[in-house]
Amino acid sequence: MSDFMTSVEVLAAAEEALKAAEEVKFMTNNLWILIATVLVFIMHLGFACLEAGFVQKKNVVNILFKNVMIISIGLISYYAIGFNLMYPGLNEGGFFGFSGLGLTPPEGGMTASYADYTYWSDFIFQAMFAATCCTIVSGAVAERMKLMAFLLFSILFVSISYPITGFWKWGAGWLDALGFYDFAGSTIVHSVGGWGALAGLILLGPRKGKYENGKVKAIPGHSMPLATLGVFLLWFGWFGFNGGSVLSADPALVSLVFVTTSMAAVAGAMGSFLASYVLYKSFDLSMVLNGILGGLVGITASADIVSVFSSLVIGFIAGILIPLSVSFFDKLKLDDPVGATSVHLVCGIWGTLAVAIFGNLEPGVGELTDQLIGIASIGSFTFAFSFLAFFLIKKLIGIRVHPDEEQVGLDLAEHNLAAYR
Amino acid sequence: MSDFMTSVEVLAAAEEALKAAEEVKFMTNNLWILIATVLVFIMHLGFACLEAGFVQKKNVVNILFKNVMIISIGLISYYAIGFNLMYPGLNEGGFFGFSGLGLTPPEGGMTASYADYTYWSDFIFQAMFAATCCTIVSGAVAERMKLMAFLLFSILFVSISYPITGFWKWGAGWLDALGFYDFAGSTIVHSVGGWGALAGLILLGPRKGKYENGKVKAIPGHSMPLATLGVFLLWFGWFGFNGGSVLSADPALVSLVFVTTSMAAVAGAMGSFLASYVLYKSFDLSMVLNGILGGLVGITASADIVSVFSSLVIGFIAGILIPLSVSFFDKLKLDDPVGATSVHLVCGIWGTLAVAIFGNLEPGVGELTDQLIGIASIGSFTFAFSFLAFFLIKKLIGIRVHPDEEQVGLDLAEHNLAAYR
Amino acid sequence: MSDFMTSVEVLAAAEEALKAAEEVKFMTNNLWILIATVLVFIMHLGFACLEAGFVQKKNVVNILFKNVMIISIGLISYYAIGFNLMYPGLNEGGFFGFSGLGLTPPEGGMTASYADYTYWSDFIFQAMFAATCCTIVSGAVAERMKLMAFLLFSILFVSISYPITGFWKWGAGWLDALGFYDFAGSTIVHSVGGWGALAGLILLGPRKGKYENGKVKAIPGHSMPLATLGVFLLWFGWFGFNGGSVLSADPALVSLVFVTTSMAAVAGAMGSFLASYVLYKSFDLSMVLNGILGGLVGITASADIVSVFSSLVIGFIAGILIPLSVSFFDKLKLDDPVGATSVHLVCGIWGTLAVAIFGNLEPGVGELTDQLIGIASIGSFTFAFSFLAFFLIKKLIGIRVHPDEEQVGLDLAEHNLAAYR
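Protein sequence lines correspond, in order, to chains V, Y and P. Counting from 9, one number per residue, gives the positions in the first sequence under this note's numbering. Counting from 9, one number per residue, gives the positions in the second sequence under this note's numbering. Counting from 9, one number per residue, gives the positions in the third sequence under this note's numbering.
Hint data in this document are derived by calculation from the structure and do not stem from the laboratory. Each hint should be verified, as a subset may be incorrect.
[As the list claims (entries may be wrong)] With a straight-line cut-off of 25 Å between C-alpha atoms, the simulated PhoX-like cross-links for lysine-lysine are: (1) K403(Y) with K225(Y); (2) K66(Y) with K341(P); (3) K65(P) with K65(Y); (4) K402(Y) with K66(V); (5) K65(Y) with K27(P); (6) K65(Y) with K289(P); (7) K402(V) with K223(V); (8) K66(Y) with K402(P); (9) K66(P) with K225(P); (10) K339(P) with K218(P); (11) K65(V) with K27(Y); (12) K65(P) with K65(V); (13) K225(P) with K341(P); (14) K66(P) with K27(Y); (15) K289(V) with K65(P); (16) K66(V) with K289(V); (17) K223(Y) with K402(Y); (18) K289(Y) with K66(Y); (19) K218(P) with K402(P); (20) K66(Y) with K403(V); (21) K289(P) with K225(P); (22) K218(Y) with K27(Y); (23) K66(Y) with K289(P); (24) K341(P) with K65(V); (25) K65(Y) with K66(V); (26) K339(Y) with K402(V); (27) K66(Y) with K339(P); (28) K339(Y) with K216(Y).
Quick caveat: nothing in here was measured; it's all calculated off a predicted structure.
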């Protein structure tokens, strides 16, 4: 190497080094989004286990079948329509945009607008998210909804309803312009699933025998190990759900999100534990399990913008809300076998409000009115859409199984297969 | 810092920066191979759950025991013999090479030939792969094969048979030179397991009562939740199986592989769902579960070289093949309790052929004749080896348990332990 | 760009490139610690499944409830007190240090002392570790300890006992200055849990009917699939437990640790398999499962400093120790339903001694006397603390359930909920 080489030549070497560093940064960021995708994927197993554990033995095959079909329908629907409806790259600040059927990957699979990961990573991460919102509905309507009715609803929900309200915020639509804040989807994913579930519950009515002579009859789940397995797998997946929503491997943010997510989960368990003990003098496993989930749903809107202490408070309150909410829905005779509305709808709303209370955000973002408008607009759209969808399906093919089928169980009636033998 | 420093000094700073970037790149690539290893590892749990779920209650401990021993025998056999037989670094383009017992790590654990990850990462990733092929056999021969006979077979299969055919392609042997293409092992791993299973099935005969008076008697598995858990865990692990087979964290390729793998899985579910409904008017959970696995096996050969739409087609056809193949094997009175031959052999062959149909490859690679030669040569070698191995073990110690033991169940007969109480 | 730019300007470009490379290195290292955290987290599910599988059907809800509460109590206790007691950044070489309640993150979440990852990553990784040691105790005292007594013990154990002895080595206390070596915690985590378990066992006494008329009555677990699931999940998590303990994504070290960890696990299975067969002529699934765990515990102290062949020897001996140790504890009438003392205490001690036998360390580190002093000091402190804690709780509220409650099962007695129905 000569002393006489020009500055230009040396500068080229320095620039090559910088480019190499930036390429690795892209690689690491992209890798994290992919790993987060794997974690969100396993939430589908978590939901399947949780819901299967919380239903009666005679309806286990049915709920497993639904969960297997949800992810299948979900990914295909989101591929065909949903992704381009949620992220059209059009109509910024608006109500609706659609950039066409199927996927439209940019040249080389990445563009300036996907600075930190590839187009394919973006799609598959978002698709795994989308499919979870349908899973929330399946638990609430378990043990008496017709399989085909539910599958039809799933197609409509993932292709149309979820992406439209998702666009409002994450696709840079009008709620984003307004200042609504929802980090990883307390509202956009969880309460959306909860509103869909509520619409189904109302049209479907309670299970036979649940509310008789003015009394609430507990119908405990058939397998507590399965339900526990489900909750731990959901928490496991939530590291990807919240951690991946940073949309890069940014060390400070992803680490903080891991801590706030975990602390809200354990505080949720603690809140439900204490509330159940105080209210009912019981050590209620199903409440504590739902308390963890409530804490996780509660922190989802604000995991990146609150202190660790705040995350404990948010989770603890979510945990207390669980037994109160379960009683509340029972009073309304809204029969939700797995407590999905308490976990995802009630704690989803709470978490979205918590942004305004605990969030460290600049003025004009995540303020109480913004959050209330977000909750109300997404909630009313989703509830109306879901109610209409279930109503039309009811008119078309019916949504509830025959009382005899409910009695004998859906496994025998719809699948001719016992879950255990 | 002086203005008078020479260009040489400045260039050294630039080169240091480039070296730092390259070191991080190596670190990130290596990290992905290790994480993929963890994912492939959990496939062993997936297989254990799937097979345990699909057998009768009286044979659950036995199948769990086999699965625990397979990974143990597999890793040790591959360490002792298999790795140096599959990747001898010798006899390029040939049929056979062996670079000695045990491992021979290069100085510092990495060499030029392992540009993107360490020697140890390479070994452990490959070893987890190797052990899976034996697991495929265990499901097919479940409920009537002697434990010791199966364990002996496992040693021979993982130390000798799998590495030799693996060398032909992945160790740079003659099939690689020919142009045979098999990205992550539709043939090299899955159909190899399937051929071993087929040899075992033929020599072993069907379970008592499976085929009587010309009728096929369904013997449903004892736990659908366990089987479902297994399938989701296998899919979870497949992100590492296919994603890790990129052999780097290359953003474009790994992302694409994640998408094609997932879409083939859901299309497989859809294919089996529709085929079962059309053929049998049933919503058959076990078919849909095997449809997912069929789709995953089908995409394994081509996950990095097909479009997303093609991956949907490949998976969908694999899904349709599942119920057809199950009927076909039953007609031949080849009794496979978990459907391993349908999933891994039939869909493995289909996936390998799909490379020629859908793959975007340069001329001379992955053409139909290449693929057929690969399927036929690896298939015939593996089948012959396995048949001979099972035959010799049969002569030596017998391969089938006594009819009384089969009747009472292997858990009591061989382990004196009930799976549940 | 002009040929006349100064060297200073070009050097700035080179330095910018180096800084970029270093930032990505930090990002990748931090990402690995976070992923390892996720893996260690899932060990809590592994323990829950293992323990639930190994207890009787009537005590399943109780053990699940405990495991859910342990991680909740564990993370909160470690947040409030434990972390600043274990890593006070004070009193180097000493016996005790405490830097105050709660967390005290440095500005920006990272400092020089956390060169490879953020403060938050450090906390959450360590907190997941801390909670596991309590889980070990829960298995040993299962089926007869009062829920509230156990929860109280957990708070004390994770806030005080575990962090103090942890400080001695990992917090740069006196054992670290002495030369004691314990890579990922054969002693600091596993035998600590084992000593706590032993103290509980002694004060609690055996389950009714376990030792009668001088005979040992086997009380097999209620679900072998659940126990098997637990063991695979624990192994899965151990990739993070040991791999994350490298405290960076260093390619050579993390890869080696993955290999030694896996090989010790499979050798442990093999050791227990052979020992059980030779001693009892049985193919004992529960022994083989505990053999895997024994191998994993055994390699934990030395996974980064032994050859692969040594890891096989360490694991194999650990596996042989399992059936011997189970018999030994039974002779002492120390009734441990899940074998936690054999796995974590006995193999934890063995693994710590193995450092001195097989470890490639510089003189003055990890020598036999260092290791013995570490084992003895940490063991005696932990045992004394735990004994005193359980003793005080016994005086205060009692530690054992009423014989009638033990008879009917804790699920009904303490939770009024059946695990299955």
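Hints and how they fare:
For the hint linking K403(Y) to K225(Y), the alpha-carbon distance of about 30 Å lies beyond 25 Å, and the restraint is violated. This hinted pair does not check out: K66(Y) and K341(P) have alpha carbons roughly 32 Å apart, beyond 25 Å. The hinted pair formed by K65(P) and K65(Y) meets the criterion: a straight-line CA distance of about 17 Å does not exceed 25 Å. Straight-line distance between C-alpha atoms of K402(Y) and K66(V) comes to about 43 Å, which puts the hinted pair past the 25 Å bound.
Proximity of K65(Y) to K27(P) is assessed by CA-CA distance (about 60 Å); at most 25 Å being required, the pair is judged violated. Our distance criterion of 25 Å between C-alpha atoms is met by K65(Y) and K289(P), whose separation comes to about 23 Å. Distance restraint check for K402(V) and K223(V): the Cα-Cα separation of roughly 28 Å exceeds the 25 Å cut-off, and the hinted pair is therefore not satisfied. About 43 Å separates the Cα atoms of K66(Y) and K402(P), which puts this hinted pair outside 25 Å; it is violated.
Between the alpha carbons of K66(P) and K225(P) the distance comes to roughly 18 Å, so the proposed pair stays at or under 25 Å and holds. Taking the CA atoms of K339(P) and K218(P), the gap is near 12 Å; set against the 25 Å cutoff, the hint holds. Pair hint K65(V) plus K27(Y) does not hold up; C-alpha atoms about 60 Å apart against a cutoff of 25 Å. At most 25 Å may separate the alpha-carbon atoms for a hinted pair to count; K65(P) and K65(V) meet this at roughly 17 Å.
Under the criterion of a C-alpha separation no larger than 25 Å, the hint pairing K225(P) with K341(P) is consistent with the structure, at around 11 Å. Restraint check: the Cα-Cα separation between K66(P) and K27(Y) comes to about 61 Å, which exceeds 25 Å; the hinted pair is violated. Between the alpha carbons of K289(V) and K65(P) the distance comes to roughly 23 Å, so the proposed pair stays at or under 25 Å and holds. Taking the CA atoms of K66(V) and K289(V), the gap is near 30 Å; set against the 25 Å cutoff, the hint is violated.
Restraint check for K223(Y) and K402(Y): the C-alpha separation of about 28 Å exceeds 25 Å, so the hint is violated. In summary, the hint linking K289(Y) to K66(Y) is not supported, as the alpha carbons are separated by about 30 Å, beyond the 25 Å threshold. Between K218(P) and K402(P) the CA atoms are separated by roughly 22 Å; this keeps the pair inside 25 Å, and the hint holds. Between K66(Y) and K403(V) the alpha-carbon distance is near 47 Å, which puts this suggested pair outside the 25 Å criterion.
For the hint pairing K289(P) with K225(P), the CA-to-CA distance comes to about 18 Å; that is within 25 Å, so the pair holds. Distance check on the hinted pair: K218(Y) and K27(Y) sit about 64 Å apart at the alpha-carbon level, beyond 25 Å; violated. Only pairs whose Cα atoms come within 25 Å are accepted, and K66(Y) paired with K289(P) is accepted, the gap being roughly 21 Å. A distance of roughly 39 Å separates the Cα atoms of K341(P) and K65(V); the hinted pair therefore is violated under the 25 Å criterion.
Taking the CA atoms of K65(Y) and K66(V), the gap is near 18 Å; set against the 25 Å cutoff, the hint holds. A threshold of 25 Å between alpha carbons decides the hint, and for K339(Y) with K402(V) the separation of about 42 Å lies outside it, so the pair is violated. Using a Cα cut-off of 25 Å, the hinted pair K66(Y) and K339(P) is violated, with the two alpha carbons roughly 32 Å apart. Only pairs whose Cα atoms come within 25 Å are accepted, and K339(Y) paired with K216(Y) is accepted, the gap being roughly 16 Å.
The structure fails to meet hints 1, 2, 4, 5, 7, 8, 11, 14, 16, 17, 18, 20, 22, 24, 26, 27 from the earlier list, while all remaining hints are met.
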